[in-house]
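*Asks:* In case you want the letters, here they are:
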Amino acid sequence: MSLRVSELVNEDASLISRRCWSDERVYALEKLGIFGKSWLFLGHESQIKQPGDFVQAYMCETPIILSRGQDGGIYANINSCSHRGLPVCRADHGNTKRFVCPYHNWSYSVEGNLMTIPQETEVVQKPDKSQLGLKRVPRVEAWRGMIFGSFDEAIIPLGDYLGDMRFYLDAFLNRFPQGIEFIGAPHRWVLNANWKLPVENQLGDVNHGAFLHSSIIPKEAQDMIERLGYSVVTTPGHGATFRLMPEDSPIDEMAWGMEGMAGMFGGDEVQNYLREVQAQAAERVGDLRARMKGLTYGIYPNLSFLWSNTSFKVSHPRGPGKVEYWSWSVVPADAPGSIKKTLRTNYSSFFGPAGILEQEDAEVWVQQFIGSNIDFADDRPYYYGLGLGEEKPHAELPGLVSVTANEFYARHFFSRWRDELQAVEEML
Amino acid sequence: MSNQSLATSPEEQRALERFYFHEARLLDNRQYQQWLSLVSEQISYLMPSRVNVQVDNRARGNEDMISVERELEDQESMGCPIREETYIHLMVRVERAYKINSWSENPPARTRRIVGNIELMAREGDSFSVLSNFHLYYARPGNEDVIYSGQRRDTLLSQEEGFHIGRREVVMDYANIAMPTLGLLF
Chain B
1 MSLRVSELVN EDASLISRRC WSDERVYALE KLGIFGKSWL FLGHESQIKQ
51 PGDFVQAYMC ETPIILSRGQ DGGIYANINS CSHRGLPVCR ADHGNTKRFV
101 CPYHNWSYSV EGNLMTIPQE TEVVQKPDKS QLGLKRVPRV EAWRGMIFGS
151 FDEAIIPLGD YLGDMRFYLD AFLNRFPQGI EFIGAPHRWV LNANWKLPVE
201 NQLGDVNHGA FLHSSIIPKE AQDMIERLGY SVVTTPGHGA TFRLMPEDSP
251 IDEMAWGMEG MAGMFGGDEV QNYLREVQAQ AAERVGDLRA RMKGLTYGIY
301 PNLSFLWSNT SFKVSHPRGP GKVEYWSWSV VPADAPGSIK KTLRTNYSSF
351 FGPAGILEQE DAEVWVQQFI GSNIDFADDR PYYYGLGLGE EKPHAELPGL
401 VSVTANEFYA RHFFSRWRDE LQAVEEML
Chain E
1001 MSNQSLATSP EEQRALERFY FHEARLLDNR QYQQWLSLVS EQISYLMPSR
1051 VNVQVDNRAR GNEDMISVER ELEDQESMGC PIREETYIHL MVRVERAYKI
1101 NSWSENPPAR TRRIVGNIEL MAREGDSFSV LSNFHLYYAR PGNEDVIYSG
1151 QRRDTLLSQE EGFHIGRREV VMDYANIAMP TLGLLF
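Chains B and E, in that order, are what the protein sequence lines are. Start counting the first sequence at 1; every next residue gets the next number (the working numbering). Start counting the second sequence at 1001; every next residue gets the next number (the working numbering).
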């Protein structure tokens, strides 16, 4: 095949080929160069508190079991039997001593070690079970309870990979005395879209809100985003958008959670809780970050976080034109159960598979793939040049900073993407 | 709730059917504002999330082992239901449908609802617990056609002008959610 990666993304990443989104070979290179080499989000420690607890996850298309071992350690193994390859875990989550393959009942410990081969008593030469455990994800690390795995044994430590993005993540994660908790199984749905567009959408594209979502988002809210909004890229591929509220803002305008349905209509109990969190925010995260009111975050390659609607999302590819999109509601771990239940509607009202806003996003993600899969238009790459070169360092905010209309978050993503694909181009 | 539906008179059964068929026609004809007038302002409109649960060994041999209820993350659970909506949510959805920039409904979907298996499960004063099943065919330009299938667990309130929906829980039949949105009025 003659298509070169250098033809997909130009030097300053202001022109992006339609084939980035729709080509089978590009997708094969993404698996090698990105999903085989990055830290990929697996889950949160709150999902596997007790020994034996497990949840399912994916690394690209590869199914993973994330578990808490009997020793209290965190384990990630590929969910595929060493004998004939079947998944050995079928439940979304649970607690178990053994995973058992349905085919011949080979069984594995929660850490992934092969424990029994029922047939081995009938044969003379016994297989070496110590070599036949589930394939372990070679690198697993956690930061602030967020667990990531990598297939690249030589990858840099997770903390370094996240880099200055930790400053922005902490503005949220550290706001609560006991951090956050993921509740329930992820909502997972399948869309005929490329995995990168949901990522790009939540890496920094708050500008579409005023247009795509104008049937729901009031103009005043959008104007405020433009007035107080910042877009930041800490490392190419990682980004954050947020409002920096004026110091004299009323607490109800500043506080996380107030602008969602739960905050607006959830009653005194939840509102008082949110005010209390905000009142302690400066002490916990400092004056500057106490005034941060986040919008979207992205962690390369495919983890997203929505601050006001409080959801973590992972865009799992299923081919160039299909994505299995996962999202979780996230709540403060210290909140009473009744408040957690109310706060989860800040997510589900607007996002998730029934979300009033997300239905518009899903619509354009699907339509964008249609446009990316057409013929006779390869001489017309997509224009990604808005605000080219206008991002700058900032005295207080780590990273490069600009207005939210500047598409530098996407250019940085695609520069990294291009370089990582080029590094493996000769392998295919 | 007993597992047996109540014996109903033909008139009572017909009144329930008449309500549900009218409701389905309003929704298929996109007369959502008229539909909203069938909804109590105190409504809870719920859709549990449906998960793949671990088999409980101790429940083997019992119907409980594979009960539908075990698969539901509903309002009472500490999981995350897909929808937990009030009248305000439904009002927003209805108003949105008549704006020119509600892009996921522009052009609007062509839908056809078939409602059946209408069972009156309990009657308490003016309040009726009613189960019904639906298949909803959905076709929209630019999307693959899909069929939504599910059960509705309603509390209908009998009032002078007819029934009002006081509570609705929609149990969807999905494994992976392969529909463009679960935000329709089911």
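Source of the hints: derived by calculation from the structure; they are not laboratory data. These numbers come from a predicted model, not from an experiment. Ideal Cβ positions, reconstructed from N, Cα and C, are used throughout, including at glycine. Treat the hints with care, as some may be off.
Simulated restraints, written as ranges between beta carbons of each label pair [what the hints assert, rightly or not]:
| hint | chain 1 | residue 1 | chain 2 | residue 2 | range |
| --- | --- | --- | --- | --- | --- |
| 1 | E | Glu-1124 | B | Pro-102 | 22 to 30 Å |
| 2 | E | Gln-1054 | B | Leu-3 | 39 to 47 Å |
| 3 | B | Glu-247 | E | Gln-1075 | 33 to 41 Å |
| 4 | B | Ile-156 | E | Thr-1086 | 26 to 34 Å |
| 5 | B | Arg-84 | E | Glu-1071 | 46 to 54 Å |
| 6 | B | Pro-102 | E | Asp-1126 | 31 to 39 Å |
| 7 | E | Met-1121 | B | Leu-288 | 55 to 63 Å |
| 8 | E | Ile-1100 | B | Leu-86 | 44 to 52 Å |
| 9 | E | Val-1055 | B | Leu-388 | 54 to 62 Å |
| 10 | E | His-1135 | B | Asp-170 | 34 to 42 Å |
| 11 | B | Pro-177 | E | Ile-1088 | 54 to 62 Å |
| 12 | B | Leu-228 | E | Glu-1071 | 39 to 47 Å |
| 13 | B | Arg-144 | E | Gln-1013 | 31 to 39 Å |
*Asks:* Are the hints correct? Go through all of them and say.
*Replies:* Hints versus structure:
no., hint, in the structure
1, E:Glu-1124 x B:Pro-102: 22 to 30 Å, "violated (46 Å)"
2, E:Gln-1054 x B:Leu-3: 39 to 47 Å, "holds (45 Å)"
3, B:Glu-247 x E:Gln-1075: 33 to 41 Å, "holds (40 Å)"
4, B:Ile-156 x E:Thr-1086: 26 to 34 Å, "violated (47 Å)"
5, B:Arg-84 x E:Glu-1071: 46 to 54 Å, "violated (28 Å)"
6, B:Pro-102 x E:Asp-1126: 31 to 39 Å, "violated (51 Å)"
7, E:Met-1121 x B:Leu-288: 55 to 63 Å, "holds (57 Å)"
8, E:Ile-1100 x B:Leu-86: 44 to 52 Å, "holds (51 Å)"
9, E:Val-1055 x B:Leu-388: 54 to 62 Å, "holds (56 Å)"
10, E:His-1135 x B:Asp-170: 34 to 42 Å, "violated (48 Å)"
11, B:Pro-177 x E:Ile-1088: 54 to 62 Å, "violated (31 Å)"
12, B:Leu-228 x E:Glu-1071: 39 to 47 Å, "holds (44 Å)"
13, B:Arg-144 x E:Gln-1013: 31 to 39 Å, "violated (57 Å)"
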